[in-house]
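A.B. asks: Here's the letter readout for the chains.
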Amino acid sequence: MTDRPVAEMSFEEAMKELEGVVSQLERGDVALDDSIRLYERGAELKKRCEAKLKEAEEKVAAITLDGDGQPAGLKPVEGL
Amino acid sequence: MSDLLDDDAPAPQGGQNNPEYTVSEISGAVKRVLEGEFSHVRIRGELGRVTMPRSGHVYLDLKDDRSVLAAVIWKGVAARLTTQPEEGMEVIATGRITTFGGQSKYQLIIEDIEPAGAGALMAMLDKRRRALAAEGLFDEARKQPIPYLPEIIGVVTSPTGAVIRDILHRLRDRFPRKVLIWPVAVQGANCAPEVARAIHGFNALTPGGAMPRPDLIIVARGGGSLEDLWGFNEEIVVRAAAASRIPLISAVGHETDTTLIDFAADKRAPTPTAAAEMAVPVRLDLLAWVDGQSGRLTRALTSGITLRAQRLRDLSRALPRADTLLDGPRQRLDMLSDRLPAALIRAVQLRRVALSDHAGALRPALLRRAIQTERRNLAVASDRLSLDRFRADLERKNRDLAGLSRRLSDAGQRQVRTWRQRTLELDRLRLTLGYEATLGRGYAVVRDEAGEVLTTRAQAAKARALEIQFADGRLAVGAKPSPKPGSKPQTPPEQGSLL
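Protein chains in written order, with the working numbering: chain W, 1 to 80; chain X, 1 to 499.
Worth flagging that the hints you see were computed from the coordinates, not collected in a lab. A hint or two may mislead.
What the hints assert, rightly or not - Straight-line alpha carbon distances no greater than 20 Å define the calculated EDC-like cross-link-like pairs of lysine to aspartate or glutamate that follow:
1) Lys52/W / Glu19/W
2) Lys52/W / Glu235/X
3) Lys52/W / Glu25/X
4) Lys462/X / Asp472/X
5) Lys178/X / Glu12/W
6) Lys105/X / Asp173/X
7) Lys267/X / Asp291/X
8) Lys75/X / Glu12/W
9) Lys63/X / Glu111/X
10) Lys178/X / Glu19/W
11) Lys16/W / Asp291/X
12) Lys16/W / Asp448/X
As the list claims (entries may be wrong) - Here are some chain X residues the structure puts well away from chain W; computed CB gaps all over 12 Å:
13) Ser104
14) Arg339
15) Val348
For every residue, glycine included, the Cβ atom is placed at its ideal position computed from N, Cα and C.
Hey, can you work out the whole structure from these sequences and the hints?
C.D. replies: Right under this line is the structure:
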C-alpha cells in the first residue's frame, strides 16, 4: 500500500492498487485497525476508478493545416 | 536480251533518281520517324550505370541481356519520381525516344519510372528493411509500452473513408475517448512526407495546450496493393515512427500486408479496427471489474470482522466463571486451617522427644571412659618408644659385619695360596719346556760376540767370536781376526787355477 494520493493516480495505477488492497484484505492476516484503513483506501481507489470510467466522453476533432502543412486549428468532426 | 542488259547496264547509277539527303536532313528525318513512332513507350529493363552530375539531370542505361538503351531523366522529372533509380533495379520506364543527331545517337527521355513487378519492389523493400534494422530502428529495446487507458488518441489517416470510421466505431463501442485526426494522403507521392510530418507534429504538441497532445498515436490505412501502401515503406515515415516519443500503433493494410512502419512502431495492429482494440480496454468490463472489487472489498472486511467476533465468542466461552475459579483454593484453605493447630502441637512434641533422647546420654562417666581409653593408648605408645630395640638391632648388625669380614679375609688367603701354587707349577713347566733343560741332554747354544743366538753355519762363519752355552756354563771360543782380510786371500787361488 503506497501513500500516494489517490486523486493523482491514473486509472491503471488505481486499478492495480485496488486489486492489491482487495487480495490483502481477503487473505485475512491484517490487523483489525489496518484492515479498516485498507478498506477505506480501497473504497477511495474504487471511487477513483469509477470516476475515470465515467469520463467516457467522445470528442472527435480533426486538425486543420495551413499552407505549409503545419497545424493551424481544430475542427470538430461530426457524423463519423 | 542484251539490249535489256545494255539498258540495265547503268543500273548501279540508277540511284541517281533517288533524292539525295544531307547528313542533317537524314538526321532530321530519322528524328521525326523515331519521335513520331515512339512518342510514348513503356520499356522494361534493368538499370545499368546511373550517373547524377551536378546539373541535376540523371543519365542512365537501360539494358537487357543483348541491348543497351541510353536514357536521361531531366532534373524536374527526377525530383518528383517516387522510385529513385538505382543500378541493378528492374524497372518499367515510361517516356519518349529522341535522337541526338550530333553524335548519331538515340536515347529515351524518361517521364516516369516504376519498379518492374512485385519481385523487384519486394527486393528493394527487403534491402531497405535490412539497412534500417542494422541501424537499430527496429530493436525491441526501443519499443514503448502502450498506455492502458489513453486520454487522447491521435489518428494519422485519411479524414474520409472507412478506416477512420472503423476506428471511431470501435473506440465508441469499447471506451469513448477524445480523438484528434491528423489528415494525410494515404497513397501517392504526398503520402510519406505528410505521414512523417503528422507523427512529428503530434510529438511537437505540448500537453494541455490549445491542441492537446495525444497519449497514443495510431497510423492507419486500409488494405491495398504493395504500390498503394508504398508510402509507409519510405524511410522518412519509418524514422518518424521510430523517433516518436508518443507510443505508436501502426495499422496499415490488412493482416497479410507488412510495411516497414510496422517494424518501427511500438505495436503493430493487423487492421485499423484491431488498433482501436489495442488502444483502449472495454469500459463495461472495467465497470464490472470495479464493482466486483468493491464487493470483494466489503466481503473481505465483513468476513474479517465476523471471523474475529466468532473467535471472541469462542474464547469467552472457554473462559471459566469467576466463582468456580475460587472453589478449589477455598476448599484447600479450609482443610489446611483445620490441620494447622494439630501440626504445631505435633511439631513441638517431636522436638521434645529428640531433646530428651540426647540429654539422657549426656553423663560424667561417658567422659571418664573416654579419658581412660586415651590414657591406655598413650601407655602403649610410650612402651613402644624404648632404647633396647635399637641396641639389639645394633648388636645384630655388628655380628653380621664381623662374619662378613672373616669371610672376606678367608677368601683372600685362599685366593693367594691358589695363585702361588699355580705360579710354581707354571715355572716348572717353563723349565721343562725351556732350552736350558735340553742343554742337560747334550745340546748347546752358540752365540756371537754380541750375545745373539746363531742358528746357521753361515752366521757362525761371519762372527768374530763365538760363545757356547752348555748346561753348566758358557765357554768363549777365541776371538777370530776380522772376517774381511781373512776372506780376501781365499779368492786368488781360484782365479790362478783359471789362468
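A.B. asks: Confirm or reject each hint.
C.D. replies: Okay, the hints, checked on the actual structure:
Of the pairs offered as hints, the one joining Lys52/W and Glu19/W holds, with about 16 Å between alpha carbons and a cut-off of 20 Å not exceeded. Taken as a hint, the Lys52/W and Glu235/X pair is broken in the structure, with Cα atoms around 39 Å apart against an allowance of 20 Å. Using a Cα cut-off of 20 Å, the hinted pair Lys52/W and Glu25/X is violated, with the two alpha carbons roughly 85 Å apart. Proximity of Lys462/X to Asp472/X is assessed by CA-CA distance (about 26 Å); at most 20 Å being required, the pair is judged violated.
For the suggested pair Lys178/X and Glu12/W, the alpha carbons sit about 18 Å apart, so the restraint of at most 20 Å is met. Under the criterion of a C-alpha separation no larger than 20 Å, the hint pairing Lys105/X with Asp173/X is inconsistent with the structure, at around 67 Å. For the hint pairing Lys267/X with Asp291/X, the CA-to-CA distance comes to about 31 Å; that exceeds 20 Å, so the pair is violated. Distance hint between Lys75/X and Glu12/W is unfulfilled; the C-alpha atoms sit about 55 Å from each other, more than 20 Å.
The suggested pairing of Lys63/X with Glu111/X holds, with an alpha-carbon distance near 17 Å, which does not exceed 20 Å. With a C-alpha separation of about 27 Å, the suggested pairing of Lys178/X with Glu19/W is violated against the 20 Å cut-off. For the proposed pair Lys16/W and Asp291/X, the alpha carbon gap of about 14 Å is at most 20 Å, so the pair holds. Proximity of Lys16/W to Asp448/X is assessed by CA-CA distance (about 149 Å); at most 20 Å being required, the pair is judged violated.
Distance check for Ser104/X against chain W: the nearest CB is about 48 Å away, which clears 12 Å, and the non-interface claim stands. Non-interface status of Arg339/X relative to chain W is upheld: no Cβ of that chain comes within 12 Å, the nearest being about 52 Å off. For Val348/X, the shortest C-beta to C-beta distance to chain W comes to about 63 Å, beyond the 12 Å cut-off, and the non-interface label holds.
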